[in-house]
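Construct the complete structure from the given sequences, taking the supplied hints into account.
So the sequences go chain by chain: A and B. FYI, our numbering numbers position 135 of the first sequence as 135, with every residue one higher than the one before it. FYI, our numbering numbers position 187 of the second sequence as 187, with every residue one higher than the one before it.
If you are wondering where the hints come from, they were derived from the structure by calculation, not from laboratory data. Keep in mind that a hint or two might mislead.
Said to hold, decoys possible - To be clear about the criterion: a stretch of chain B counts as covered by chain A if any three or more of its residues have a C-beta under 8 Å from a C-beta of chain A, and this derived list gives those stretches:
hint: 1; region: 37-48
hint: 2; region: 95-104
Stated by the list, open to error - Residues of chain B placed beyond 12 Å of chain A at every Cβ, according to the derived structure:
hint: 3; residue: G132
hint: 4; residue: E169
hint: 5; residue: A196
hint: 6; residue: E222
hint: 7; residue: A229
hint: 8; residue: V255
Nothing here was measured: the structure is a model prediction, and the numbers come from that model. Quick reminder that beta carbons are idealized off the backbone N, C-alpha and C, glycines included.
Protein chains: 2
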Amino acid sequence: MAERSLIVDGCQYANWSEKIFREMRAGGVGAVHVTICYHEDFRETVQNMIVWNRWFERFPDLIVQARTAADVRQAHADGRTAIIFGFQNPSPIEDDIGLVEICHGLGARFMQLSYNNQSLLATGCYEAEDPGITRMGRQVIKEMNRVGLVVDMSHSAERSTLEAIEISERPIAITHANPASWHPALRNKSDTVLKALAESGGMLGFSMYPHHLAGKSDCTLESFCTMIARTAELMGVERIGFGSDLCQDQPDSIVEWMRVGTWSKEIDYGEGSAAQAGFPPQPDWFTSNADFPGLADGLRAVGFDAEDVARIMGGNWLDFFERSFGPMTAGPIAAA
Amino acid sequence: MAERSLIVDGCQYANWSEKIFREMRAGGVGAVHVTICYHEDFRETVQNMIVWNRWFERFPDLIVQARTAADVRQAHADGRTAIIFGFQNPSPIEDDIGLVEICHGLGARFMQLSYNNQSLLATGCYEAEDPGITRMGRQVIKEMNRVGLVVDMSHSAERSTLEAIEISERPIAITHANPASWHPALRNKSDTVLKALAESGGMLGFSMYPHHLAGKSDCTLESFCTMIARTAELMGVERIGFGSDLCQDQPDSIVEWMRVGTWSKEIDYGEGSAAQAGFPPQPDWFTSNADFPGLADGLRAVGFDAEDVARIMGGNWLDFFERSFGPMTAGPIAAA
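And the structure:
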């Protein structure tokens, strides 16, 4: 059941600061899935968690770590923003399936099976060939299902994504992408993928990253919200939310690192180009967490009723968290 | 308040197997603090946790990980043995105070500040000099207090132990040792330490490791229980329990590794000697977890009433877990 007042962002990777945490509160954002790994190995990811633990300790009135839907509800009731850890790449589990449960124990709740490139588990959206989910990928999906770590295919290729939806016994997420029918980018998703995702009970988070928007930085709020209305018809209004991909206050060196990590000595421009290598400017209607209320206005303007607006703004994500973050069956794993 | 039927062992490092887990059930053991690190660094300790996670998955009817006193009670109600992780050395936090909260997040609930030798935090019981708690030690104790990771001084030297009791804002534990007044071993504790421990609300777990026993492997149950009665007079019956130090089914190569880890190329015999380098034989009244009920008989035989027996067998440890495993104050740390 949707909760009217909760706002959830299904993906951000900002240059975190007190300013941004205060903007989360100003925007009434109840929960954010934050990326804590792009290319880091396990030990480096733990170091990123330590940095987050210091944020939690320094700003207990603004943010709190969430491991369950109940934690999100509690944070919302307390007027704090719930922070949910996630990985954009399976690099933190290295080549060890045992690290899936360890990472879940440390609070990770989303993990992409691949980030643009081929991984040990699945194919990324920029590879020329997509052979589908690997042998290890099948085992890891099963383990992720068991412990309650959500499969995220935002940066994965089409066949791998369809296979992940099929193989996973629990609904998966595409936390940050838009329909390719609206803006044909390699990172956006085909209607085939979106329909399969919706039929399996999964979630799509709409991205406000300019490279994923029709018209890029010039995309209008009306165009964005009209696309959402069309996607609601395709997928059902219960299967959609936001995943802004907001990379606020990051220097351009960060987008370069996102793109090449340690896998290449040559620059790869990803969604950008040599002429536009840096972060593109955000559309003026979404530059920070404080702009979330304006999105609700935009949804109302294209005809969504109050209940659907509440669902899209956060209720659907909360329902998904409820179904996804705990162990699959009662058994040996304590609900963390 | 003591729970009559719960048995808790405050320290074991067995060569874990289905056989031993079944002996835990046969002995009615409700909870065991298991050592998952002697000398391992963070990454190696995580690997040991992965091994434990496989045990939990393979034997869900016998064992379950516990992170809270409530988990211990639930396991007891379900007829499973609660397994609580602990470190005999601060090596898993390496030189990074941020790893204290990470390790707590992964379920660690006890950490010794030193193991026989000088550590970054405190002095071990075999060092010639004991300069007390170090600068980093003071910071780490504060952090352990904050998150709910219990300071354990079982293998630490006298001054460091007294200082840890003083510095720590929460009661500490000596999970496995006996009074030196009964058996003067370097690993056993002076009455000064035991009194300070008791006055601060801490806990002593009586060891059944032969090098800690008067008469060693020939120690009688009566001698052991008479010592417990005397210690109850010294410390109060609320401050004592068991910490068997049971190293069942371990090959002698393990005790050698416990003693030298990676710190020495030369063999160090610790509590043993060149003539008796291996694990000493256990006294015949305590060779496995199945022997715990006999300890209760021994306590009754030296005059403890039913309530005190229940306290010593496990109720006191449960009370201590209740006070010790959560964050010090309501605040940013989610109760794991």
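Evaluation of the provided hints:
no. : hint   : in the structure
1   : 37-48  : holds (count 4)
2   : 95-104 : holds (count 5)
3   : G132   : holds, 27 Å
4   : E169   : holds, 16 Å
5   : A196   : holds, 30 Å
6   : E222   : holds, 40 Å
7   : A229   : holds, 37 Å
8   : V255   : holds, 27 Å
No hint from the list above goes unmet by this structure.
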